[in-house]
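Asks: Construct the complete structure from the given sequences, taking the supplied hints into account.
Protein chains in written order, with the numbering used here: chain V, 28 to 396; chain R, 28 to 396.
By construction, these hints were calculated from the structure, which means they are not laboratory data.
Here chain V is said to cover these stretches of chain R; the calculated rule only asks that three of the stretch's residues, wherever they fall, bring their Cβ under 8 Å from a Cβ of chain V: (1) 73-84; (2) 305-319; (3) 323-335; (4) 339-350; (5) 365-379; (6) 382-391.
FRET-style restraints, in silico, Cβ to Cβ: (7) R/276 x V/375: 38 to 46 Å; (8) R/80 x V/244: 34 to 42 Å; (9) V/375 x R/185: 48 to 56 Å; (10) V/88 x R/185: 47 to 55 Å; (11) V/242 x R/276: 43 to 51 Å; (12) V/354 x R/71: 38 to 46 Å; (13) V/152 x R/372: 55 to 63 Å; (14) V/377 x R/120: 37 to 45 Å.
Taking lysine to any residue pairs in the SDA-like style, the calculated list, with each CA pair at most 25 Å apart, reads: (15) V/389 x R/260; (16) V/389 x R/363; (17) R/387 x V/232; (18) V/248 x V/353; (19) V/387 x R/362; (20) V/168 x V/286; (21) R/168 x R/290; (22) V/387 x R/341; (23) R/389 x V/392; (24) V/387 x R/227; (25) V/387 x R/258; (26) V/389 x R/364; (27) V/387 x R/343; (28) V/387 x V/262; (29) R/248 x V/35; (30) R/387 x V/262; (31) V/248 x R/36; (32) V/387 x R/332; (33) V/389 x R/362.
Every value quoted in this text rests on a predicted model; they were computed, and no experiment measured them. For every residue, glycine included, the Cβ atom is placed at its ideal position computed from N, Cα and C.
Number of protein chains: 2
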Amino acid sequence: MSTPARLQPGDTIGILGGGQLGRMLAQSAAKMGLKTHIYCPDPGSPAFDVSNTFTVAPYEDADALDRFAAAVDVVTYEFENVPGPTASRLHAKVPVRPGVRALEISQDRLFEKQYLTKASVDIAGFAEINSQEDLDQALQKFNGKGVLKTRRFGYDGKGQLMIRSSADGNGAYAALGSVPAVLEQLIAFECEVSVIVARSLDGTCVSYDIARNHHENHILKTSTVPAGVTAETLNTARRMAEQIVTGLEYVGVMGVEMFLLQEDGEERLLVNEIAPRVHNSGHWTQDACLTSQFDQHIRAVAGWPLGSAQRHSDAVMENLIGFEADEWHAALSDPNACLHLYGKSETREGRKMGHVNHIKAKALTEGET
Amino acid sequence: MSTPARLQPGDTIGILGGGQLGRMLAQSAAKMGLKTHIYCPDPGSPAFDVSNTFTVAPYEDADALDRFAAAVDVVTYEFENVPGPTASRLHAKVPVRPGVRALEISQDRLFEKQYLTKASVDIAGFAEINSQEDLDQALQKFNGKGVLKTRRFGYDGKGQLMIRSSADGNGAYAALGSVPAVLEQLIAFECEVSVIVARSLDGTCVSYDIARNHHENHILKTSTVPAGVTAETLNTARRMAEQIVTGLEYVGVMGVEMFLLQEDGEERLLVNEIAPRVHNSGHWTQDACLTSQFDQHIRAVAGWPLGSAQRHSDAVMENLIGFEADEWHAALSDPNACLHLYGKSETREGRKMGHVNHIKAKALTEGET
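Replies: Pasting the structure below:
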């Protein structure tokens with residue numbers, strides 16, 4: 028593997044995946060004088076509009092992957108389900124960042140939980156489930172309650188079953204498709220928060236303020252900053268996030284979702300899930316921080332130093348899902364709302380079409396310092 | 028002329044000119060789900076990298092202009108020297124914003140000064156010069172001193188002569204090329220400041236805080252905000268800028284350069300020059316304001332409401348000129364510096380290659396509101 032560790036302006040970042048995350052990554056790269064080459068099987072990918080070059084090919088097309096590897100200086104990805112052989116093939120020829128190991132772990136809930144345990148961060152109890160018998164035993168351990176999830180390819184609430192009673196548990200393994208699974212202990216959490224953390228090639232970590240996330244129909248609807256937690260909770264969240272990326276020798280931005288619990292009047296955090304990429308719950312950084320998560324990821328994968336994650340404004344990020352995007356003019360009519368639309372040609376139910384960052388800035392005026 | 032006053036996401040903004048300003052405009056358009064089509068004779072235009080479509084053709088190519096007009100929903104421009112016939116031809120088929128009249132005025136220093144006088148803003152004394160005799164008479168009026176400038180096609184200190192004595196004045200008209208010119212009264216100003224102002228289709232104006240500009244070799248080197256002026260001066264600057272755009276029925280962003288004078292211990296402003304486009308001295312807005320000047324211009328020419336021009340941070344914008352761009356890594360090593368590079372393939376002496384916004388934000392912390 029060649030390792031041109033640090034890119035120069037004019038060099039090219041290859042991005043696997045052409046959705047909105049790839050699009051916003053390409054925009055950040057262009058801002059800093061870097062070129063992008065998007066690789067995506069979908070000929071209508073929104074990221075193509077803003078990239079220098081693109082390849083339309085399946086992720087399994089070895090020849091296309093080899094040409095792609097030869098044309099770029101580093102490869103990154105906008106989604107965690109990059110097939111393992113795709114990542115390995117590219118990795119043999121060009122640096123792949125954040126890294127192949129981060130992909131392996133985040134593609135498999137069991138590997139992920141095992142890694143998080145090893146990284147000494149707090150997580151909810153879990154059990155490996157390969158049969159209904161495994162499930163029955165695990166449910167006994169967790170007072171008959173839990174969330175049964177496929178180990179692989181779950182997102183936005185897909186591939187999971189909520190179990191609240193032994194009746195729910197009966198036949199649940201078959202209902203999930205009799206595939207390798209994990210049972211997660213059901214946690215009475217107050218809310219979900221998330222931390223966007225970045226690690227550079229030289230191992231420096233920076234993490235943003237945490238966001239309080241609100242979901243509707245298992246899809247993120249809003250992220251609010253500040254999250255309204257104690258300074259100690261914020262520090263704990265950051266420490267755990269930095270432990271996770273450090274242990275993986277990770278290079279880039281990661282989204283770390285956590286459950287916030289109230290236990291005896293004290294806040295407590297459990298890490299729920301990691302995403303080895305820029306994350307929807309970090310979109311608020313675009314308009315409320317010095318360096319957005321997209322800029323930060325590009326800096327990291329380019330081998331450049333990280334920017335400040337300092338927050339200058341309060342923010343509420345609101346996703347525009349499906350036909351909600353038709354309300355774009357409402358966002359524009361509020362001067363403190365920053366509209367982001369992904370340029371998707373077709374609006375579909377449940378599809379992320381854009382987002383709005385509602386910003387409450389501390390206004391400075393002439394003479395103030 | 029058809030007037031589809033307000034664009035919809037997915038519509039296309041045509042941009043005349045493919046330099047860094049066109050590039051940053053295209054990036055703002057893409058952010059808000061609009062498409063761009065760049066028209067520029069230079070096949071190596073940096074804006075092409077980030078646009079959906081581009082046309083390489085001379086500005087005088089009637090067929091290419093007609094095809095361009097048919098392919099876009101509105102036309103804007105990144106430079107004021109768009110040939111008059113080009114603007115008129117397009118204007119007959121599609122809205123041209125900020126407007127044809129703004130182009131006519133800003134292309135001719137005499138027309139500009141006459142307009143500014145009519146708009147009731149303060150400017151330095153001036154005289155129309157069509158002969159050495161005109162010049163001699165005008166110099167007498169201005170105590171033998173002034174700046175002789177060609178009426179058309181001057182920029183970055185080109186097309187002008189400084190006259191500090193009658194000896195300097197002798198033969199100066201011929202030295203300038205015996206072309207239509209103006210003599211501007213020489214002003215003992217303290218510094219140059221500038222205001223970025225925007226006007227929407229419905230006539231609403233917003234203006235940013237003013238920047239204090241520092242030039243080297245007649246090229247802008249830094250813009251600093253706050254400018255360190257009184258609140259009254261800031262208000263005067265904004266009022267004059269808004270009068271200028273209102274009188275022109277202007278739609279878009281304008282850069283208004285002003286001289287700051289100290290007279291009897293009082294600050295006074297004289298408008299020096301207008302640029303009917305986004306302006307180098309407004310680049311600081313990208314990282315210190317809720318809405319950048321590029322976002323603002325796109326919103327205006329799309330017929331959308333304007334965003335807030337509120338400033339959340341102090342900023343010093345530093346241009347990277349020529350080989351200074353080789354120092355990009357120095358900017359990256361400061362976490363509070365935001366690096367912008369234009370992706371120009373060739374570095375040349377005096378060429379604007381990028382800029383850095385040095386930001387001093389008021390940091391917010393969890394719990395603060």
